[in-house]
Amino acid sequence: MSSTKNDAQHDNAARTPSDAGNWASSTGRLNVARTPTGALNINVNGRLLMSPIQGFGKMWQKTYRARLSGAQTTPAGVIQEWKANFPRFWPAGNRFYGPITGIAPGEVGLIDLALPGKAKLSTGVLVLYADDESFTLMTPQGHIFAGWITFRAFDDAGVTVAEAQVLMRANDPIYELALFLGGNAQEDRFWQHTLTQLAAHFGVTASVETRTVCIDNGRQWRRAGNIWHNASIRTTIYMTTLPPRAVFRSVRNVATKRR
Amino acid sequence: MSQSQSALTMDVRPLNDQTSVIEVHGSITATSEGALMDAYNEANRGGTRAIVLNFSDLEYLNSSGIGLLVTLLVRANRQKQRLIAWGLSEHYRHIFELTRLDDAIGIVDSEADALALADMD
Chain A
40 MSSTKNDAQH DNAARTPSDA GNWASSTGRL NVARTPTGAL NINVNGRLLM SPIQGFGKMW
100 QKTYRARLSG AQTTPAGVIQ EWKANFPRFW PAGNRFYGPI TGIAPGEVGL IDLALPGKAK
160 LSTGVLVLYA DDESFTLMTP QGHIFAGWIT FRAFDDAGVT VAEAQVLMRA NDPIYELALF
220 LGGNAQEDRF WQHTLTQLAA HFGVTASVET RTVCIDNGRQ WRRAGNIWHN ASIRTTIYMT
280 TLPPRAVFRS VRNVATKRR
Chain B
18 MSQSQSALTM DVRPLNDQTS VIEVHGSITA TSEGALMDAY NEANRGGTRA IVLNFSDLEY
78 LNSSGIGLLV TLLVRANRQK QRLIAWGLSE HYRHIFELTR LDDAIGIVDS EADALALADM
138 D
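Chains as they are written, first to last, in the numbering used here: chain A, 40 to 298; chain B, 18 to 138.
Honestly, the hints are just simulated from the structure, not real lab data. Each statement offered as a hint is correct.
Simulated coverage check for chain A against chain B, where a stretch passes if three residues somewhere in it have a Cβ under 8 angstroms from a Cβ of chain B:
1) 57-65
2) 90-98
3) 164-170
Only pairs whose alpha carbons sit at most 30 angstroms apart, straight line, appear in this in silico DSS-like list of lysine-lysine:
4) B/K97 - A/K97
5) A/K122 - A/K157
6) A/K97 - A/K159
7) A/K101 - A/K122
8) A/K101 - B/K97
9) A/K122 - A/K159
Across the chosen pairs, the derived CB separations fall in these ranges:
10) A/G197 - B/D34: 47 to 57 angstroms
11) A/V198 - B/N94: 36 to 46 angstroms
12) A/S108 - B/N94: 36 to 46 angstroms
13) A/Q111 - B/T48: 17 to 27 angstroms
14) B/S23 - A/I276: 47 to 57 angstroms
15) B/D126 - A/N70: 26 to 36 angstroms
16) A/A115 - B/D34: 40 to 50 angstroms
17) A/G264 - B/D34: 36 to 46 angstroms
18) B/S23 - A/G141: 28 to 38 angstroms
19) A/G141 - B/A24: 27 to 37 angstroms
As the structure is a computational prediction, the values presented were derived from the model and not from experiment. In this text, a Cβ means the ideal position worked out from N, Cα and C, and glycines have one as well.
Let the hints inform the model, and build the full structure from the sequences given.
What follows is the structure in structure tokens.
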């Protein structure tokens, strides 16, 4: 390596990049400092983050866009409101327990998703990145998909456009099948609803343009073992064993007192 | 594009018959897709087995930019090519670890190390 290249690398290492404050500083496993009342933290603490590289299914990029024509706002104004009211725009039955400090790099949010048949899925996300005009949530082991969702706003010929873009692979074979059997359409409806509500928040009606691109048609069978952390299965087991566990605890407490 | 973000430019050069280098200058953001993919197409000569990305002059990277690197990785893997990165500052190394790109992109300290890694495959 030439000395010029060594110097360049040294200079680069010494500089503090302007994006430094926008990224989560933690790595490795997720840690929830405080579980909000009503939230389930059974599939988040201790889980590893999953990029699309670690997922199982085909890799998809899904882009949902709403042009906020007529809205008196800016891209930064849209993102500020989106961060502040993030779960408010979601379809009914889904809950997001955000951090007290709001959507900021490194914070962890807990999620309860409504599944068909009144089933529930408890999971979470890390705020991977956030700046004035975008923020990105990354998923952990057990989530439906491995990857991230970037929410951003930008100016297009004088019109502010709001966008949600998902880059993902289904985390395991069960999720891959579920996405094929209707989960993909359900996810489309989820983000179309969110963007419609976001537009309504700014007093405008917007149709949502949806674009789906298959980035990688292959499935990563070596990742099939991700199923071990499947949050849907674990939530179901947790919920169905809740009553017997409560009875068992009561009986044990009575027995302990008698002794 | 904010004032902190400069435009992305790329220089592409062959390192040997099987390895090409893409020198990255500036910012990788959502608007970088065309430049990044054009550079990859130029680097992807017949018989290329490894693409080395030199990030010594990377000034700004956001999450959309990381998404583009994942897409580039998939394209390279489809051609059975290896992606190798060098010149990453401590900050950008951390981002590669955080986003777990380091599972699939080899990270080394110098161009010579990149070449050695490419030749190992």
